[in-house]
Amino acid sequence: MFVHLWLKECRLLLKSITYLLFVVIIGLFYATQMGSQVQDDIRDADPGKTAASHQQTAGSTMGISATPPASPFAKPLPGQSSYGEKTAENPATIMPEAVQSLYMEYTDNRYASYPLGFFKAVKLSPSEQEKIAAAITEITGSTMEQLRQSISDASQKAAANGLPLQIGRGNSFSFPIHVTYDRFKEVMAGVEKLTGSSSSYSLQHMIDSYGHSPITYAEKLAEYNDFIQKDRITGAYARLFSDYMGIMLAFLPVFVTVFFIMRDRRAGMQDLIYTRKISSSALVAARYLALIAMMILPVLFLSLHPLIQLMGYAGDHGITIDHLAFVKYIAAWLMPTLMVSTAVGMFLTELTDTPIAIVVQGLWWFISLNSARFIMDGGYGSQLILRHNTIGNLQVYQDHWITLLLNRLGYTALALILVLLTVGLVQLKRRGKLNARSKLTKILAAFKIQSKARVVE
Amino acid sequence: MNPKIHIRHLNKSYGTKQALQDINLDIETGMFGLLGRNGAGKTTLMKTLATLHMKNSGDVTVCGIPIEKAKEVRRCVGYLPQDFAVYPNMTVYGAMDYLGTLSGLPTSIRRERIPQLLRQVNLEDRHRMKFKALSGGMKRRLGIAQAILHDPEVLIVDEPTAGLDPEERIRFRNLLSELAEDRIVILSTHIVGDIEATCERIAVLDQGQLKYTGTAQELTAKAAGKVYTVNMSKQELERVKAVYTVTAMLTLGNEVTVRLLADRMPYPNAVPAEPTIEDAYMLMMGGHSDVRSSMA
Numbered sequence: 001m002f003v004h005l006w007l008k009e010c011r012l013l014l015k016s017i018t019y020l021l022f023v024v025i026i027g028l029f030y031a032t033q034m035g036s037q038v039q040d041d042i043r044d045a046d047p048g049k050t051a052a053s054h055q056q057t058a059g060s061t062m063g064i065s066a067t068p069p070a071s072p073f074a075k076p077l078p079g080q081s082s083y084g085e086k087t088a089e090n091p092a093t094i095m096p097e098a099v100q101s102l103y104m105e106y107t108d109n110r111y112a113s114y115p116l117g118f119f120k121a122v123k124l125s126p127s128e129q130e131k132i133a134a135a136i137t138e139i140t141g142s143t144m145e146q147l148r149q150s151i152s153d154a155s156q157k158a159a160a161n162g163l164p165l166q167i168g169r170g171n172s173f174s175f176p177i178h179v180t181y182d183r184f185k186e187v188m189a190g191v192e193k194l195t196g197s198s199s200s201y202s203l204q205h206m207i208d209s210y211g212h213s214p215i216t217y218a219e220k221l222a223e224y225n226d227f228i229q230k231d232r233i234t235g236a237y238a239r240l241f242s243d244y245m246g247i248m249l250a251f252l253p254v255f256v257t258v259f260f261i262m263r264d265r266r267a268g269m270q271d272l273i274y275t276r277k278i279s280s281s282a283l284v285a286a287r288y289l290a291l292i293a294m295m296i297l298p299v300l301f302l303s304l305h306p307l308i309q310l311m312g313y314a315g316d317h318g319i320t321i322d323h324l325a326f327v328k329y330i331a332a333w334l335m336p337t338l339m340v341s342t343a344v345g346m347f348l349t350e351l352t353d354t355p356i357a358i359v360v361q362g363l364w365w366f367i368s369l370n371s372a373r374f375i376m377d378g379g380y381g382s383q384l385i386l387r388h389n390t391i392g393n394l395q396v397y398q399d400h401w402i403t404l405l406l407n408r409l410g411y412t413a414l415a416l417i418l419v420l421l422t423v424g425l426v427q428l429k430r431r432g433k434l435n436a437r438s439k440l441t442k443i444l445a446a447f448k449i450q451s452k453a454r455v456v457e
Numbered sequence: 001m002n003p004k005i006h007i008r009h010l011n012k013s014y015g016t017k018q019a020l021q022d023i024n025l026d027i028e029t030g031m032f033g034l035l036g037r038n039g040a041g042k043t044t045l046m047k048t049l050a051t052l053h054m055k056n057s058g059d060v061t062v063c064g065i066p067i068e069k070a071k072e073v074r075r076c077v078g079y080l081p082q083d084f085a086v087y088p089n090m091t092v093y094g095a096m097d098y099l100g101t102l103s104g105l106p107t108s109i110r111r112e113r114i115p116q117l118l119r120q121v122n123l124e125d126r127h128r129m130k131f132k133a134l135s136g137g138m139k140r141r142l143g144i145a146q147a148i149l150h151d152p153e154v155l156i157v158d159e160p161t162a163g164l165d166p167e168e169r170i171r172f173r174n175l176l177s178e179l180a181e182d183r184i185v186i187l188s189t190h191i192v193g194d195i196e197a198t199c200e201r202i203a204v205l206d207q208g209q210l211k212y213t214g215t216a217q218e219l220t221a222k223a224a225g226k227v228y229t230v231n232m233s234k235q236e237l238e239r240v241k242a243v244y245t246v247t248a249m250l251t252l253g254n255e256v257t258v259r260l261l262a263d264r265m266p267y268p269n270a271v272p273a274e275p276t277i278e279d280a281y282m283l284m285m286g287g288h289s290d291v292r293s294s295m296a
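Protein sequence lines, in the order shown, are assigned to chains A and B.
Heads up, the first sequence is in full-length UniProt numbering, so the first residue is 1 and it goes up one at a time.
Heads up, the second sequence is in full-length UniProt numbering, so the first residue is 1 and it goes up one at a time.
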């Protein structure tokens, strides 16, 4: 009986416009973000076309890799001029680039900060500005006037050669460093206190933004071997696929869920359903599982596109791939995200009989997406949206395996708790014990009367 | 086994508003009419019996099952809400099948019973029609079909004939009477004609209190000797309405035939008339009611 109900709910979903929109949006997102990824990588691996210095971003708009790799299919050769760059705690790049950023922001007295992922321009008081100036002076060994003069000289010199001024390592001007790395960290900790922990001067942010070092041949070769032997190609692409789909599955399902659950009230069918014999747990479970199944279906279908291309490549080159890699990643990586966003939609819609879940989930999505922007290549934390916007980087994935596991298990548990609470809410509503909409209407009506009374006064 | 409903000292309130006050009622097989003005507590009583509302106090058993055991009560109760509707794009058969699944009916039973019931409510030819394309009468008939899909011993029908044309209303009343042969059918309405034509036993609710319970004939008998018809001019009408409860009027030119309630002969030319259930109801409610007669 449960299976019959589940199938009927699936069929009802299939006919809903919101679900069809979900399928279209997720399809378009895949097409624009990753649609040609595998094909491009295979083409770029062609020795005739691949230049050693060729760099390619892993994604497009959503993916900004600090050290974009060449085609992962291309086996590195010894003696190439460059193998790309990697993120690393490299004082030689971190110190001049961080102090350059600080100098620029000091000049404008406008310090970029991202509390909860939202951009905020921090303006400092004159005394705080003096402290920033003192920090820059200590790090560079130059007064602010001397720095201004040096930049001006470099600018004139560049202009004389018909070139724009370029600041940074290997350019016409680079900020001098007169302190040790340990002292630099201490000074910048003071700066961070003034500009805020979500500014650009936390140690982690400085490493992510300014710390980079060249990849060696041995490292590049090891990365290639990981790609072919451990990831068996498909694992690497499945992670990138999960990165993109995770962004969508953390938000879009709440729309489908809210409209699906609210249709009972819209159609005036609640009493009719509530008086049936079915238990509240079976009703909620059938609907929840129908939503999950129907929303994971297009994701599974889309994963066939890169898989088929990789199967073709592997067949031509005698490489063994993991045919189930995408299914495994979808189940373990994406499923908890889908489960949570659907459960939030169900719970809040049953609780309030309003579409408030869209606002709540939208806010969570925005914060999660922005808080993960410094660990785009993998790293993970407690975010709902896990990022791994690069091909490969298996080592980071393996290093954070436990964090990843706890994250996914945690969200799965949260989703199940919300579903159980939803069962309780439906049970209360069936006995007329919960009618939040009626209460909200009364509160709004009382508020209106009060407002009118104030206007009259 | 004859299905029975026992209600003892039932109280239900919404905040400070007492919706049902110390209701005592026994209902047995057959049509049972629940009469009362809007807001009298009819829907609250029906929703309580349909397990949609919790009582504050009192004892209620449906088919011998305490109302607290909602899941068991739902097995033996069929409910047609006042504003019956299903998803607009669902077909007639699809709606029956979906609701049958929610009632826990196996596929084989659904396949057997749905065509039978659609035939019974004269919707057999419309089984592929979408709900939104059905007329008001068809929707109500589908409502009845879905309510008896799981063959309940109690059928609760809330204001089923409101908005139907006279022909549909009579057809619908006859359908309910047929269904009441072997089950309890509780019909809530403020249309006295529906009750008069179908219900043997009735209850009258007013402001949450039970004002009458018994047979329709006994209620009608309460108005015996208190109903008169009088012919008068239109100019006299306002003066008469100020003194007596007028239950019907028939205008012919400048003359009006008035049906009114009075304890004794009101005018020398007044003629005693046979009371109807509507007259008795108006007498009981003190002449103030929004109950409508099907004849009005």
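Just so you know, the hints here were simulated from the structure itself, not pulled from any lab data.
The reader is advised that the hints may include incorrect statements.
To be verified - Facing chain A, a subset of chain B residues (Cβ under 7 Å, in silico):
#1 MET54
#2 ARG74
#3 ARG75
#4 TYR79
#5 ASP83
#6 ALA85
#7 VAL86
#8 TYR87
#9 TYR98
#10 SER103
#11 GLY104
#12 SER108
#13 ALA248
#14 LEU261
#15 ALA262
#16 MET265
What the hints assert, rightly or not - Label-pair distances were calculated between CB atoms; the ranges are:
#17 VAL24(A) <-> LYS130(B): 39 to 49 Å
#18 LEU21(A) <-> ALA133(B): 21 to 31 Å
#19 ARG263(A) <-> HIS9(B): 35 to 45 Å
#20 ALA133(B) <-> VAL3(A): 29 to 39 Å
#21 VAL3(A) <-> THR61(B): 47 to 57 Å
#22 ALA436(A) <-> PRO106(B): 54 to 64 Å
#23 ARG8(B) <-> VAL3(A): 35 to 45 Å
#24 ALA453(A) <-> THR61(B): 42 to 52 Å
All C-beta atoms in this analysis are idealised placements derived from N, C-alpha and C, irrespective of residue type, glycine included.
Beta-carbon spacing of ARG8(B) to VAL3(A) - inside the hinted bounds 35 to 45 Å or not: 42 Å, holds
Satisfaction of the VAL86(B) interface hint, Cβ to chain A closer than 7 Å: 6 Å, holds
Hint validity - TYR79(B) Cβ closer than 7 Å to any chain A Cβ: 4 Å, holds
CB-CB spacing for PRO106(B) and ALA436(A) relative to the 54 to 64 Å hint: 36 Å, violated
Assessment of proposed distance window 42 to 52 Å (beta carbons of ALA453(A), THR61(B)): Holds: the Cβ-Cβ distance is about 49 Å, inside 42 to 52 Å.
Supplied contact hint for ARG75(B), tested at 7 Å Cβ to chain A: 5 Å, holds
Assessment of proposed distance window 35 to 45 Å (beta carbons of ARG263(A), HIS9(B)): 39 Å, holds
Residue hint MET265(B), partner chain A, criterion CB-CB below 7 Å: Result: violated, 50 Å to nearest chain A Cβ.
Minimum beta-carbon distance criterion (7 Å), ALA248(B) to chain A: Hint on ALA248(B): violated, closest Cβ of chain A at ~35 Å, above 7 Å.
Distance restraint hint 21 to 31 Å, applied to the beta-carbon atoms of LEU21(A) and ALA133(B): 25 Å, holds
Given hint ALA85(B) near chain A, where the shortest CB pair must fall under 7 Å: 4 Å, holds
Interface hint compliance - MET54(B) to chain A, C-beta minimum distance less than 7 Å: OK, holds: MET54(B) within 7 Å of chain A, min 5 Å.
Going down the numbered hints, you'll see the structure goes against 12, 13, 14, 15, 16, 17, 21 and 22, while the others check out.
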